[in-house]
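Number of protein chains: 2
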Amino acid sequence: MRTLIENAIVLTMDDKGHVWQDGYVLFDEEKILEAGEGSCGKACDIRIDGRQGILMPGMVNVHSHIPMIPFRSMGDDCPDRLRRFLFPLELEAMTPKLVYAAARYAVCELLLSGVTSVLDMYYFEDQVARACEETGIRAWAGETVIGQETCDSKEAYGGLELCEDLICRWRGHERIHPLVAPHATNTSSPEMLKAAYDLAEKYQVPYTLHVSEMDYEMSYFKEKYGKTPIAFLKGLGVLGERTVAVHCIHATEEDIRLLAETGTKVAHCAGSNTKAGKGICPALDMKRAGVCVGVGTDGPSSGNTLDLFTQFKMIASFQKTRYHDRSAFPAREIVALGTTGGAQVLGAEKEIGSIEAGKRADLVLLETESVNMFPLFNPYSAVVYSANASNVDSVWVQGRLLVQGHRLTEMDLQEERERLWSEMSEFKSLAGKYQDVI
Amino acid sequence: MRTLIENAIVLTMDDKGHVWQDGYVLFDEEKILEAGEGSCGKACDIRIDGRQGILMPGMVNVHSHIPMIPFRSMGDDCPDRLRRFLFPLELEAMTPKLVYAAARYAVCELLLSGVTSVLDMYYFEDQVARACEETGIRAWAGETVIGQETCDSKEAYGGLELCEDLICRWRGHERIHPLVAPHATNTSSPEMLKAAYDLAEKYQVPYTLHVSEMDYEMSYFKEKYGKTPIAFLKGLGVLGERTVAVHCIHATEEDIRLLAETGTKVAHCAGSNTKAGKGICPALDMKRAGVCVGVGTDGPSSGNTLDLFTQFKMIASFQKTRYHDRSAFPAREIVALGTTGGAQVLGAEKEIGSIEAGKRADLVLLETESVNMFPLFNPYSAVVYSANASNVDSVWVQGRLLVQGHRLTEMDLQEERERLWSEMSEFKSLAGKYQDVI
Numbered sequence: 136m137r138t139l140i141e142n143a144i145v146l147t148m149d150d151k152g153h154v155w156q157d158g159y160v161l162f163d164e165e166k167i168l169e170a171g172e173g174s175c176g177k178a179c180d181i182r183i184d185g186r187q188g189i190l191m192p193g194m195v196n197v198h199s200h201i202p203m204i205p206f207r208s209m210g211d212d213c214p215d216r217l218r219r220f221l222f223p224l225e226l227e228a229m230t231p232k233l234v235y236a237a238a239r240y241a242v243c244e245l246l247l248s249g250v251t252s253v254l255d256m257y258y259f260e261d262q263v264a265r266a267c268e269e270t271g272i273r274a275w276a277g278e279t280v281i282g283q284e285t286c287d288s289k290e291a292y293g294g295l296e297l298c299e300d301l302i303c304r305w306r307g308h309e310r311i312h313p314l315v316a317p318h319a320t321n322t323s324s325p326e327m328l329k330a331a332y333d334l335a336e337k338y339q340v341p342y343t344l345h346v347s348e349m350d351y352e353m354s355y356f357k358e359k360y361g362k363t364p365i366a367f368l369k370g371l372g373v374l375g376e377r378t379v380a381v382h383c384i385h386a387t388e389e390d391i392r393l394l395a396e397t398g399t400k401v402a403h404c405a406g407s408n409t410k411a412g413k414g415i416c417p418a419l420d421m422k423r424a425g426v427c428v429g430v431g432t433d434g435p436s437s438g439n440t441l442d443l444f445t446q447f448k449m450i451a452s453f454q455k456t457r458y459h460d461r462s463a464f465p466a467r468e469i470v471a472l473g474t475t476g477g478a479q480v481l482g483a484e485k486e487i488g489s490i491e492a493g494k495r496a497d498l499v500l501l502e503t504e505s506v507n508m509f510p511l512f513n514p515y516s517a518v519v520y521s522a523n524a525s526n527v528d529s530v531w532v533q534g535r536l537l538v539q540g541h542r543l544t545e546m547d548l549q550e551e552r553e554r555l556w557s558e559m560s561e562f563k564s565l566a567g568k569y570q571d572v573i
Numbered sequence: 136m137r138t139l140i141e142n143a144i145v146l147t148m149d150d151k152g153h154v155w156q157d158g159y160v161l162f163d164e165e166k167i168l169e170a171g172e173g174s175c176g177k178a179c180d181i182r183i184d185g186r187q188g189i190l191m192p193g194m195v196n197v198h199s200h201i202p203m204i205p206f207r208s209m210g211d212d213c214p215d216r217l218r219r220f221l222f223p224l225e226l227e228a229m230t231p232k233l234v235y236a237a238a239r240y241a242v243c244e245l246l247l248s249g250v251t252s253v254l255d256m257y258y259f260e261d262q263v264a265r266a267c268e269e270t271g272i273r274a275w276a277g278e279t280v281i282g283q284e285t286c287d288s289k290e291a292y293g294g295l296e297l298c299e300d301l302i303c304r305w306r307g308h309e310r311i312h313p314l315v316a317p318h319a320t321n322t323s324s325p326e327m328l329k330a331a332y333d334l335a336e337k338y339q340v341p342y343t344l345h346v347s348e349m350d351y352e353m354s355y356f357k358e359k360y361g362k363t364p365i366a367f368l369k370g371l372g373v374l375g376e377r378t379v380a381v382h383c384i385h386a387t388e389e390d391i392r393l394l395a396e397t398g399t400k401v402a403h404c405a406g407s408n409t410k411a412g413k414g415i416c417p418a419l420d421m422k423r424a425g426v427c428v429g430v431g432t433d434g435p436s437s438g439n440t441l442d443l444f445t446q447f448k449m450i451a452s453f454q455k456t457r458y459h460d461r462s463a464f465p466a467r468e469i470v471a472l473g474t475t476g477g478a479q480v481l482g483a484e485k486e487i488g489s490i491e492a493g494k495r496a497d498l499v500l501l502e503t504e505s506v507n508m509f510p511l512f513n514p515y516s517a518v519v520y521s522a523n524a525s526n527v528d529s530v531w532v533q534g535r536l537l538v539q540g541h542r543l544t545e546m547d548l549q550e551e552r553e554r555l556w557s558e559m560s561e562f563k564s565l566a567g568k569y570q571d572v573i
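Protein chains in written order, with this note's numbering: chain L, 136 to 573; chain R, 136 to 573.
What the hints contain is simulated information worked out from the structure, not anything from laboratory work.
Hints are supplied without guarantee of correctness; some may be wrong.
Just so you know, same-sequence chains aren't split out, so a pair can sit in one copy or run between any two.
Result set (DSBU-like, lysine-lysine): computed pairs, CA atoms no more than 35 Å apart in a straight line [unchecked claim]:
#1 485 <-> 563
#2 166 <-> 337
#3 151 <-> 359
#4 177 <-> 485
#5 485 <-> 289
#6 289 <-> 563
#7 166 <-> 289
#8 289 <-> 151
#9 485 <-> 357
#10 359 <-> 369
#11 151 <-> 568
#12 359 <-> 563
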């Protein structure tokens, strides 16, 4: 079954920066067969008029905790919320059923906003993998390893065993990729950070953790080791091409050199970092040093929405402000972070991230008929500075049409919401305990 | 004709911070008659089910150049764009017809995103006033006064006379309020800044100008007068309750004291300031010092979209980051900036900005059925951190229903776009001259 989209502005995001103003893309149920300018001339089964919309690669969200949908709009402005209510409420309230229902709901939001690949880390991660498998999105799913009791393990570090189970269950899957996800530099012991890395090495899967995010994390490493967390991780031997270091807000010049030297990747979450008042990751210095950087939304409790459009604006504004330079990180480079950059972070740059023959058919069509999308002198600018999630018209993952005309084709949003709301009844009553902070 | 909206979460934005969880608002073609919790019990002609959406005061955009829609997505990342292509292209290409068509299109965008009041400053401002009058939005319209030839005046400062004409034509209008708009501290001579202020005093209208925005502006005032621009304006006698100082990015502690002491208002344009890499206005210090602060999008060439949701997220993230404090500027205070704050900036706080009996019926209903709006523990958080313009379901200005079910009721967007596109043909060809920078 071959689909041809024509009459679209195609942002290929290929190395040469091709933009086909009157472009087409031909693909089957797996791969992109051909992309170019003008008329295709090949046979197809389905022909779609792009109506001069913007056709771009499916976006890649490299850091989230998607089952945290139930926490959205709760205690957004509360200082130290992680320890004051997030950790305790997660421990008490999260169940496999709730994680599953929330993950399904989150996939609706991801797809509707043009995200076709997501890296998730949470608890009961097998439920997340299952939700992603069923719904058609591409996912990298990591079980959290942490030195405390969690909702899915009475024992500290129980996540390590759960993680191995997850890997054994899902490895080799076409769309669902298991990985290892220790929580953070300071919530797992050095030994367990290393054990988790060894597990990732054993199965040749990615390794991701929160790094250089918290003030108290920075002072802890300085006091205890006289090092930054990144330098400490280097010494521990857990930096490298399979490592996705999340946040890296407080990365120093030397840290950036270490990230570049080891090939460690960075998940940049501008929205959640700055909404928390934590600071601005030096993403531009990282790019200049040759570090692979992708875009993460963080969980819906931290970043609130799971779309990359919100992040694109934040990244542009914060990087330009940090460097006091309007020309820093122009729109094209921001779109690259959310597409090819994300693909590189996941080590999947041969499969996804750009529109080129042979790559997976993960595609997003933005309509340009809405009021905010006119005029359209520079399509990269429109994507970064004007668009929002509601401009996403159609989405394909691996050639499968999952969003059409702004609506899910295979899921019923209302039904997913009702299922989640009904799973949330215990969660809501437990949340009441923290009413003074949320 | 009385309309009753019921079954909505009503964010009144009144002084007591009332939120009616199961609220209603009753209004006629002019004013709000009653708002409260539960069922109203009064007779009405139209009854609207709010479907547990968020009903809030119409938003107030206190700084824009709405006829600059033709420039959107053009040269966004170009340094010194004002002098490199914006000023020259405006001079050559803007005509009364183009300003009128662009202003009408911009009103579509404002209304569709829940903005019911806008302060605009541009050229051919009478055309802007006309477009706003016809389309039903509430507007404050100021003719730009500047020390150079403009598209509507061969002579430098010709705007002063045009501005007096504008005032005489529109003053006393129910919805359209003329004002005086010198361009900036450094683009008009001190004498003309004062003459413009005298004009504003003569007719008792507001006075607005760009202040403390540019690096070269700051160094110019320091070198020439040994003062900040704000201190200079104070000495000139043009600060005061009718003055809306736009941007104030580089305001010092002493500047903030002067703004507070004189009752000068501030239009905070977080998105455009930071996208330009210019810096972060100390809005929190201003609020603490008692300065009235409202939210501006700036023109569609600078801020790209005219909705306040994009600005809300930017303000939250930048203020929290500036002050390294997650609890700084909580969501409720951000919503207040865009409603009551904007009303105060315009000196219209008795008329608009909150949902209270006796105020103008300027109302916005956000639907909460879209994927990004669930769950809804804190409606202020949902407005600031989750919502975007596409969540605006219905909009009333002075009791007149202008948006319903996400669509304009009295205008045809497609028609407005076609009219504007056809007026843009000369503009497009002239823009070609600047292709190297845009």
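Quick rundown of the hints versus the structure:
1. 485 <-> 563: So residue 485 and residue 563 fail the 35 Å test inside a copy (43 Å) and across (39 Å) alike.
2. 166 <-> 337: Close inside one copy (30 Å), not across copies (70 Å); limit 35 Å.
3. 151 <-> 359: neither (47 Å within a copy, 49 Å between copies)
4. 177 <-> 485: within (25 Å within a copy, 65 Å between copies)
5. 485 <-> 289: neither (40 Å within a copy, 58 Å between copies)
6. 289 <-> 563: For residue 289 and residue 563, only the intra-copy Cα distance (23 Å) is at most 35 Å; the inter-copy one is 66 Å.
7. 166 <-> 289: Neither: 44 Å inside a copy, 59 Å across copies.
8. 289 <-> 151: neither (52 Å within a copy, 46 Å between copies)
9. 485 <-> 357: neither (39 Å within a copy, 55 Å between copies)
10. 359 <-> 369: within (16 Å within a copy, 53 Å between copies)
11. 151 <-> 568: between (55 Å within a copy, 25 Å between copies)
12. 359 <-> 563: neither (39 Å within a copy, 62 Å between copies)
Checked against the numbered hints above, the structure violates hints 1, 3, 5, 7, 8, 9 and 12; every other hint is satisfied.
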